[in-house]
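Participant: Protein chains in written order, with the working numbering: chain Z, 666 to 927; chain W, 666 to 927; chain E, 666 to 927; chain B, 666 to 927.
Be aware that a few hints might be false.
Copies of one chain are not kept apart here, so a pair can be met inside one copy or by any two copies together.
[Unchecked claim] Simulated crosslink set (DSSO-like; lysine-lysine; CA at most 30 Å straight-line): (1) K684 - K872; (2) K690 - K898; (3) K750 - K739; (4) K806 - K872; (5) K896 - K806; (6) K872 - K693; (7) K872 - K896; (8) K790 - K693; (9) K693 - K896; (10) K730 - K872.
Derived by calculation from the structure, the hints in this document are not laboratory data. Quick caveat: nothing in here was measured; it's all calculated off a predicted structure.
One letter stands for each residue in the lines below.
Protein chains: 4
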Amino acid sequence: MSSSEIRAGDDLLLFLDSKRTFLVKVKKDESFHTHKGYVSFNDVIGRPFGGTVKSSLDVDFILFKPTLSDYLRKMRHATQVIYPKDTALIVNYSNIGPGSRVVEAGTGSGVLTSALAHYVRPTGKVYSYEARTERIEKARKNIERTGLMAFIELKEGDVTQRIDEENVDAVILDLATPWLVVPLADQALTVGGSFLSFSPTIEQTVKTTTALTENAFVNVETVECILRRIKVKEGQTRPETLMIGHTGYITRARKIQQTKLP
Amino acid sequence: MSSSEIRAGDDLLLFLDSKRTFLVKVKKDESFHTHKGYVSFNDVIGRPFGGTVKSSLDVDFILFKPTLSDYLRKMRHATQVIYPKDTALIVNYSNIGPGSRVVEAGTGSGVLTSALAHYVRPTGKVYSYEARTERIEKARKNIERTGLMAFIELKEGDVTQRIDEENVDAVILDLATPWLVVPLADQALTVGGSFLSFSPTIEQTVKTTTALTENAFVNVETVECILRRIKVKEGQTRPETLMIGHTGYITRARKIQQTKLP
Amino acid sequence: MSSSEIRAGDDLLLFLDSKRTFLVKVKKDESFHTHKGYVSFNDVIGRPFGGTVKSSLDVDFILFKPTLSDYLRKMRHATQVIYPKDTALIVNYSNIGPGSRVVEAGTGSGVLTSALAHYVRPTGKVYSYEARTERIEKARKNIERTGLMAFIELKEGDVTQRIDEENVDAVILDLATPWLVVPLADQALTVGGSFLSFSPTIEQTVKTTTALTENAFVNVETVECILRRIKVKEGQTRPETLMIGHTGYITRARKIQQTKLP
Amino acid sequence: MSSSEIRAGDDLLLFLDSKRTFLVKVKKDESFHTHKGYVSFNDVIGRPFGGTVKSSLDVDFILFKPTLSDYLRKMRHATQVIYPKDTALIVNYSNIGPGSRVVEAGTGSGVLTSALAHYVRPTGKVYSYEARTERIEKARKNIERTGLMAFIELKEGDVTQRIDEENVDAVILDLATPWLVVPLADQALTVGGSFLSFSPTIEQTVKTTTALTENAFVNVETVECILRRIKVKEGQTRPETLMIGHTGYITRARKIQQTKLP
Chain Z
666 MSSSEIRAGD
676 DLLLFLDSKR
686 TFLVKVKKDE
696 SFHTHKGYVS
706 FNDVIGRPFG
716 GTVKSSLDVD
726 FILFKPTLSD
736 YLRKMRHATQ
746 VIYPKDTALI
756 VNYSNIGPGS
766 RVVEAGTGSG
776 VLTSALAHYV
786 RPTGKVYSYE
796 ARTERIEKAR
806 KNIERTGLMA
816 FIELKEGDVT
826 QRIDEENVDA
836 VILDLATPWL
846 VVPLADQALT
856 VGGSFLSFSP
866 TIEQTVKTTT
876 ALTENAFVNV
886 ETVECILRRI
896 KVKEGQTRPE
906 TLMIGHTGYI
916 TRARKIQQTK
926 LP
Chain W
666 MSSSEIRAGD
676 DLLLFLDSKR
686 TFLVKVKKDE
696 SFHTHKGYVS
706 FNDVIGRPFG
716 GTVKSSLDVD
726 FILFKPTLSD
736 YLRKMRHATQ
746 VIYPKDTALI
756 VNYSNIGPGS
766 RVVEAGTGSG
776 VLTSALAHYV
786 RPTGKVYSYE
796 ARTERIEKAR
806 KNIERTGLMA
816 FIELKEGDVT
826 QRIDEENVDA
836 VILDLATPWL
846 VVPLADQALT
856 VGGSFLSFSP
866 TIEQTVKTTT
876 ALTENAFVNV
886 ETVECILRRI
896 KVKEGQTRPE
906 TLMIGHTGYI
916 TRARKIQQTK
926 LP
Chain E
666 MSSSEIRAGD
676 DLLLFLDSKR
686 TFLVKVKKDE
696 SFHTHKGYVS
706 FNDVIGRPFG
716 GTVKSSLDVD
726 FILFKPTLSD
736 YLRKMRHATQ
746 VIYPKDTALI
756 VNYSNIGPGS
766 RVVEAGTGSG
776 VLTSALAHYV
786 RPTGKVYSYE
796 ARTERIEKAR
806 KNIERTGLMA
816 FIELKEGDVT
826 QRIDEENVDA
836 VILDLATPWL
846 VVPLADQALT
856 VGGSFLSFSP
866 TIEQTVKTTT
876 ALTENAFVNV
886 ETVECILRRI
896 KVKEGQTRPE
906 TLMIGHTGYI
916 TRARKIQQTK
926 LP
Chain B
666 MSSSEIRAGD
676 DLLLFLDSKR
686 TFLVKVKKDE
696 SFHTHKGYVS
706 FNDVIGRPFG
716 GTVKSSLDVD
726 FILFKPTLSD
736 YLRKMRHATQ
746 VIYPKDTALI
756 VNYSNIGPGS
766 RVVEAGTGSG
776 VLTSALAHYV
786 RPTGKVYSYE
796 ARTERIEKAR
806 KNIERTGLMA
816 FIELKEGDVT
826 QRIDEENVDA
836 VILDLATPWL
846 VVPLADQALT
856 VGGSFLSFSP
866 TIEQTVKTTT
876 ALTENAFVNV
886 ETVECILRRI
896 KVKEGQTRPE
906 TLMIGHTGYI
916 TRARKIQQTK
926 LP
């Protein structure tokens with residue numbers, strides 16, 4: 666099938682092993698250098714995705730068409746990005762899907778923004794707010810590579826001060842003071858809509874929970890996802906020695922009744 | 666908005682608190698009995714979703730429009746169903762989204778089937794195999810309530826013996842002997858497609874991992890998600906005393922190269 | 666060996682399986698009734714510890730000489746008692762051993778008191794404070810059964826107000842407001858001595874940590890021990906489904922320099 | 666008190682912070698160099714333990730009398746040593762205390778050996794077997810520094826082939842093939858005595874459990890201790906980001922009935 670044939674201009678994931686992968690753009694007459702030798706793109710063009718190519722040091726690289734996860738993992742970021750385990754729970758708990766309208770803040774590097782856009786396609790929209798101007802352009806570059814920009818509106822603004830949208834299905838926060846957003850989230854959400862917040866510290870979680878119970882929210886719950894990687898091999902099976910012990914807490918809630926707008 | 670007004674025939678979630686909710690169908694002149702008194706549906710009809718109603722014992726119930734999560738939580742099931750934490754990771758790791766074509770087995774009660782269908786809408790499809798005939802009709806009833814049947818094909822069959830589809834984006838397994846499915850999953854998957862398997866025991870995980878590494882798969886990884894619920898309240902914050910300590914391991918892998926069909 | 670022969674007046678652990686054990690006193694001409702029939706003590710007297718006896722329903726019970734763990738597990742208690750996993754860490758972190766002098770509060774049911782006494786034998790002492798008079802006599806009964814009373818001094822008193830001892834090797838707390846004890850613990854401890862506190866909530870832990878860093882303590886650390894039980898059986902190995910998700914946090918610190926007593 | 670005054674020849678723990686400590690021997694006219702300047706021992710001699718000294722770069726070091734934990738943490742070791750969390754559970758589960766007689770294997774670097782000796786003092790004994798001759802002398806040096814050698818007998822030998830002792834209170838194993846030791850452990854243990862084994866992999870645990878249930882053991886249980894360090898600070902409280910995810914499984918069992926020696 667022609668669509669599975671690699672062409673100049675395509676994005677490509679060069680895969681050596683689970684921990685060593687490279688996301689590159691295929692360019693005629695150029696090559697990509699690794700510690701295992703260089704890969705000549707002319708050797709790659711015309712091959713099928715999923716096949717292999719040999720580097721100049723005779724090492725095999727698998728040629729994968731990048732998935733969304735690959736793009737997200739390779740996004741440039743200034744600060745800590747959200748992990749797949751937490752993105753997964755946020756998406757699940759928020760009840761969003763194709764067609765959902767979502768307010769998200771802060772945009773950060775655009776990792777969570779892209780993931781949300783992936784799931785609300787093709788008829789939904791992610792309204793992503795970021796207060797720091799310089800971050801927005803960086804996020805835009807990251808997101809454009811994923812091809813999901815059509816489902817995202819990047820907005821400069823501080824969601825503790827202003828949320829333009831109404832009747833959205835979910836408000837999803839990854840910022841320092843989520844409790845200050847709760848009254849505006851209440852106004853922006855449709856009845857039954859989901860509030861989700863990710864915070865590294867327990868004190869943030871307590872303040873957010875208190876704000877939610879003082880506003881029109883029920884079903885206020887906080888969880889933490891501890892992900893253990895298991896080294897699986899006959900006779901040597903055991904959880905990995907080093908692990909990420911904590912990323913953050915996820916607090917969720919469900920909005921009740923219509924908010925009386927002043 | 667008229668769509669937010671409750672009418673006879675609507676599904677309704679009566680919400681008392683996070684642990685006590687009731688999924689009912691609104692029927693004119695009838696009522697629903699709980700340990701906190703009965704709710705007369707005639708009192709409910711015409712009210713907005715997200716509002717409240719008083720039971721005969723003067724207890725407030727919130728009137729929610731059910732979400733997919735509500736339907737999944739209330740599905741009738743004969744055996745252990747998959748938890749949201751595991752569904753969330755399976756969806757995330759599989760890279761599926763709107764438009765994806767997925768093979769799933771076994772159908773079981775239809776919980777995972779429905780969740781997958783929710784995300785591949787409106788142009789994707791879930792081909793769900795179940796070997797036990799009597800289960801299929803029960804799953805169909807569960808799924809029909811969610812309104813997602815249009816995106817699902819329920820198939821009677823044993824995926825260790827036969828998978829009809831080709832070039833699917835993901836093969837997702839929750840059955841006793843996933844390692845026996847690996848060769849057929851290899852043939853069914855598109856290059857770069859995702860293999861996902863959920864298993865309660867470590868021995869199943871070892872056998873599945875061995876089978877994957879002996880077939881055309883790379884990036885073979887196993888994780889376990891430990892979800893901790895936190896009781897958050899100023900001055901009393903702590904993880905909950907009792908928790909679900911284990912549900913199962915999730916093994917994932919990525920298919921390389923075209924399989925030569927015989 | 667005569668010491669391994671069971672005699673009237675001995676304590677005895679009747680062991681059916683890991684979850685069903687009975688701690689009894691052997692009495693001539695009497696019997697002990699269980700849901701698996703009764704055991705006649707006359708059948709038991711003269712048998713060796715570690716042997717078995719048949720109940721009236723022909724069920725085998727193993728005849729164990731009780732260990733300290735057996736006594737601790739069977740102690741009568743009004744409130745939550747400390748778990749072996751937490752006792753184990755407290756003993757290890759406190760650096761106590763034979764000969765150590767330890768201040769402990771509150772006595773509670775005497776479980777932790779007995780465990781500490783077990784390790785400071787034969788030349789050390791546990792000074793155990795309890796503010797509620799009625800608890801002291803109950804604890805005394807529990808402790809007397811273990812035979813460890815000679816190494817314990819039960820004291821009525823509130824350690825936020827008064828600690829009589831000086832130059833003790835460790836101060837070990839399991840009470841509601843450990844941060845209020847920190848200044849007196851500082852005075853009671855020998856230089857290099859260990860402060861240990863067990864608290865269920867994170868807010869208690871934060872207050873205690875703050876108090877320690879404001880007094881003469883270094884090496885202030887908080888840990889939580891999550892114990893997973895594994896069901897081990899060829900082909901069915903997996904962590905247990907239900908687990909204790911949280912008991913409490915353990916905060917420890919080490920005292921520096923001599924405190925100037927006023 | 667003169668015993669708290671530091672003298673030439675004393676062991677000393679120079680404490681900068683929880684992660685930077687140095688275990689040294691005080692030598693007249695000599696000094697100890699660190700990245701924070703050197704400490705002149707002549708400045709140290711005559712000061713009290715628990716006081717401080719300034720380095721040549723004017724940095725304060727606290728002067729602690731080393732505890733057993735300090736010695737164990739600083740022991741030289743060729744291979745992975747057992748962590749305090751696991752030592753703590755092994756000691757607790759084994760029911761040992763002052764006066765207990767314990768068989769341990771392999772000696773390794775002597776960390777667990779020393780910890781066990783600490784608790785069986787002053788009348789008990791640890792019989793520690795090591796099959797590799799070169800390890801024994803290294804372990805001896807480590808142990809001698811702790812002052813616990815009087816309570817330990819280091820023995821060269823392979824416990825899968827021979828255990829000399831009888832009627833011991835506990836057999837404690839940290840070696841590659843614990844299941845091969847089970848029949849000899851059965852013969853060496855007193856009735857009601859404790860079998861304890863620490864193994865990194867699940868396959869070792871399964872084999873050991875099978876061997877125990879086929880010999881004269883009951884109460885066979887396996888646990889894993891997951892220790893989480895919490896960063897506690899008002900407004901910034903959270904579990905630490907990086908953690909040790911796995912060290913090993915602890916399997917325990919209790920011996921029943923007299924073994925018929927051939």
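Participant: Next, verify each hint and record whether it holds.
Facilitator: Status of each hint after checking the structure:
Taking the shortest alpha-carbon separations for K684 and K872, only the inter-copy value of 23 Å comes in at or below 30 Å, while the best intra-copy value is 38 Å. When the C-alpha separation of K690 and K898 is checked against a cutoff of 30 Å, the pair qualifies neither within a copy, at 35 Å, nor between copies, at 46 Å. Proximity of K750 and K739 under a CA criterion of 30 Å is satisfied in both settings, with 16 Å inside one chain copy and 25 Å between copies. For the identical chains of this complex, K806 and K872 are neighbours neither inside a copy (34 Å) nor across copies (42 Å), given an alpha-carbon limit of 30 Å.
Taking the shortest Cα distances, K896 and K806 never come within 30 Å of each other, neither inside one copy (36 Å) nor across copies (35 Å). In this homomeric assembly, K872 and K693 never come within 30 Å of each other (Cα to Cα): the closest approach is 55 Å inside a single copy and 43 Å across copies. For the identical chains of this complex, K872 and K896 are inter-copy neighbours only, at 13 Å across copies versus 38 Å inside a copy, given an alpha-carbon limit of 30 Å. In this assembly of identical chains, K790 and K693 lie within 30 Å of each other by CA distance neither inside one copy nor across copies; the values are 36 Å within and 37 Å between.
Proximity of K693 and K896 under a CA criterion of 30 Å is satisfied in neither setting, with 40 Å inside one chain copy and 51 Å between copies. Within a single copy, K730 and K872 get their C-alpha atoms only as close as 43 Å, which misses the 30 Å cut-off; across copies the closest is 28 Å, which meets it.
Going down the numbered hints, you'll see the structure goes against 2, 4, 5, 6, 8, 9, while the others check out.
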